[in-house]
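Each step along the sequence shown adds one to the number in the UniProt record's numbering, with nothing skipped, and position 205 is 205.
Watch out, some of these pointers could steer you wrong.
As the list claims (entries may be wrong) - No farther apart than 27 Å at their CA atoms in a straight line, the calculated lysine-lysine pairs in the BS3-like style are these:
#1 Lys118 x Lys179
#2 Lys134 x Lys160
#3 Lys179 x Lys72
#4 Lys134 x Lys72
#5 Lys284 x Lys72
#6 Lys179 x Lys164
It is worth saying that the hints were derived from the structure and are not from the lab.
All values derive from a computational prediction rather than experimental measurement.
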Amino acid sequence: MSRIAYVNGRYLPHSDAAIHIEDRGFQFADGVYEVCEVRDGLIIDLTRHLDRLDRSLRELRMASPMAREPLKLVIREVLRRNRVRNGLFYLQVTRGVARRDHYFPAAGTLPTLTITAKSVDPQPARARYETGIKVITVPENRWDRVDIKTVGLLPNVLVKQQAKDAGAQDAIFVDTAGKVTEAASSNVWIVSADGVLVTRPAEHGILRGVTRTTVLDVAASLSVPVEEREFTVEEMLAAREVFLTSATGSCVPVVAVDGRTIANGHPGSVAAALRGAFLHIAEKTPI
Numbered sequence: 001m002s003r004i005a006y007v008n009g010r011y012l013p014h015s016d017a018a019i020h021i022e023d024r025g026f027q028f029a030d031g032v033y034e035v036c037e038v039r040d041g042l043i044i045d046l047t048r049h050l051d052r053l054d055r056s057l058r059e060l061r062m063a064s065p066m067a068r069e070p071l072k073l074v075i076r077e078v079l080r081r082n083r084v085r086n087g088l089f090y091l092q093v094t095r096g097v098a099r100r101d102h103y104f105p106a107a108g109t110l111p112t113l114t115i116t117a118k119s120v121d122p123q124p125a126r127a128r129y130e131t132g133i134k135v136i137t138v139p140e141n142r143w144d145r146v147d148i149k150t151v152g153l154l155p156n157v158l159v160k161q162q163a164k165d166a167g168a169q170d171a172i173f174v175d176t177a178g179k180v181t182e183a184a185s186s187n188v189w190i191v192s193a194d195g196v197l198v199t200r201p202a203e204h205g206i207l208r209g210v211t212r213t214t215v216l217d218v219a220a221s222l223s224v225p226v227e228e229r230e231f232t233v234e235e236m237l238a239a240r241e242v243f244l245t246s247a248t249g250s251c252v253p254v255v256a257v258d259g260r261t262i263a264n265g266h267p268g269s270v271a272a273a274l275r276g277a278f279l280h281i282a283e284k285t286p287i
């Protein structure tokens, strides 16, 4: 079955879906996006993803393409047309099509909305949970507003490839003070020697991940102590556990950083417990 994409009011075969050459997302990376997991026919944490989308649009003074309820209908329709039961949808909004100019286009320029969806085999994710992944650390070199989920992801692309070339699966950014910020497409967590779950505050330097927010709720439900504070690479290397969270991977264990083994080199129990309880806490919206 061929995939179907939504582009500005039309459902099109994926191979025919296109935007104008002067779309500002293409010209300037002047756009935002969301990725949302679908599991067993349920959209995970849809409200929080759409809330974050609204925030990103406000921060960039960008118009919303449509009201919340019609947008939900379109998302569900894209998922149904692609017969996605386990997978994800990707939603992108740009400032629209206009003559190339650094200034914002004229008032009334319509934003561009595209939505795609695809099925994903859950088995590779299960394998990562069982074996863990390896990561490298890299200097933080992104712009200051990483709290906005923009499509300007070139630094992330480059360090992901750097990790792959090094035989790892992800890269963790480290700021000039030697503090961990986040991974290329995930938030970073550690479990300290005394069993406290630690993650960097989301006020500055990281994206406020939706899965991150839900994991905080899960930790509270399991009475796992949490500290939102900065931590160093050295503290991460000495941690009982390190794991990553994102919409496409809840609590992915990290077993090695820069070639150094974390704890005993096996996925830890805290990440497993949080992952096991995640769906009990997360919002689940039927397609």
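Right, here's what the structure says about each hint:
no. : hint            : verdict
1   : Lys118 x Lys179 : 36 Å, violated
2   : Lys134 x Lys160 : 12 Å, holds
3   : Lys179 x Lys72  : 38 Å, violated
4   : Lys134 x Lys72  : 36 Å, violated
5   : Lys284 x Lys72  : 13 Å, holds
6   : Lys179 x Lys164 : 23 Å, holds
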